[in-house]
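**Q** Numbers 1 to 50, taken from this note's numbering, label the letters of the sequence shown in order.
No wet-lab data here; the hints were simulated from the structure.
Cβ coordinates follow ideal geometry from the N, Cα and C atoms, glycine included.
Check each hint, because a few of them may be wrong.
[Stated by the list, open to error] Ranges of calculated distance between the beta carbons of each label pair, as one might list FRET restraints:
1. V19 - V49: 25 to 33 Å
2. H21 - F41: 38 to 46 Å
3. P17 - A38: 27 to 35 Å
4. P17 - R47: 28 to 36 Å
5. L15 - R45: 41 to 49 Å
6. N18 - R47: 40 to 48 Å
7. V19 - F41: 41 to 49 Å
8. Q42 - N18: 47 to 55 Å
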Amino acid sequence: MYKKSFGNGNKPEELVPNVVHTGMSIVKKFRLRIYLSAEFFQNMRERSVP
1 MYKKSFGNGN
11 KPEELVPNVV
21 HTGMSIVKKF
31 RLRIYLSAEF
41 FQNMRERSVP
């Protein structure tokens with residue numbers, strides 16, 4: 001994936017926004033996963049408590 005973008009002869013200035021966009025999408029996915037897992041554990045805890 002990265003080798004292709006570097007092999008196209010792009011200038012570094014053109015690559016920066018792409019990298020930032022990729023990083024932001026990873027952060028969003030990571031946050032969503034943390035949020036969902038936290039909610040899931042909270043639900044499990046509430047169920048286990050009588």
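**Q** Hint by hint, say whether it matches the structure.
**A** Hint check:
Checked against the hint of 25 to 33 Å, the pair V19 and V49 fails, with Cβ atoms roughly 45 Å apart. Between H21 and F41 the beta carbon distance is about 31 Å. The supplied range of 38 to 46 Å is therefore violated. Our hint of 27 to 35 Å for P17 and A38 holds, since their Cβ atoms are close to 31 Å apart. Checking the proposed 28 to 36 Å range against P17 and R47 shows it is violated: the Cβ atoms sit about 45 Å from each other.
Checked against the hint of 41 to 49 Å, the C-beta distance between L15 and R45 comes to roughly 45 Å, which is consistent with it. Between N18 and R47 the beta carbons are some 44 Å apart, a value that agrees with the proposed interval 40 to 48 Å. For V19 and F41, the hinted distance range of 41 to 49 Å is not satisfied, since their beta carbons lie about 33 Å from each other. A hinted range of 47 to 55 Å is violated for the C-beta pair Q42 and N18, which are about 37 Å apart.
Taken one by one, the earlier hints fail for this structure at numbers 1, 2, 4, 7, 8, listed in ascending order.
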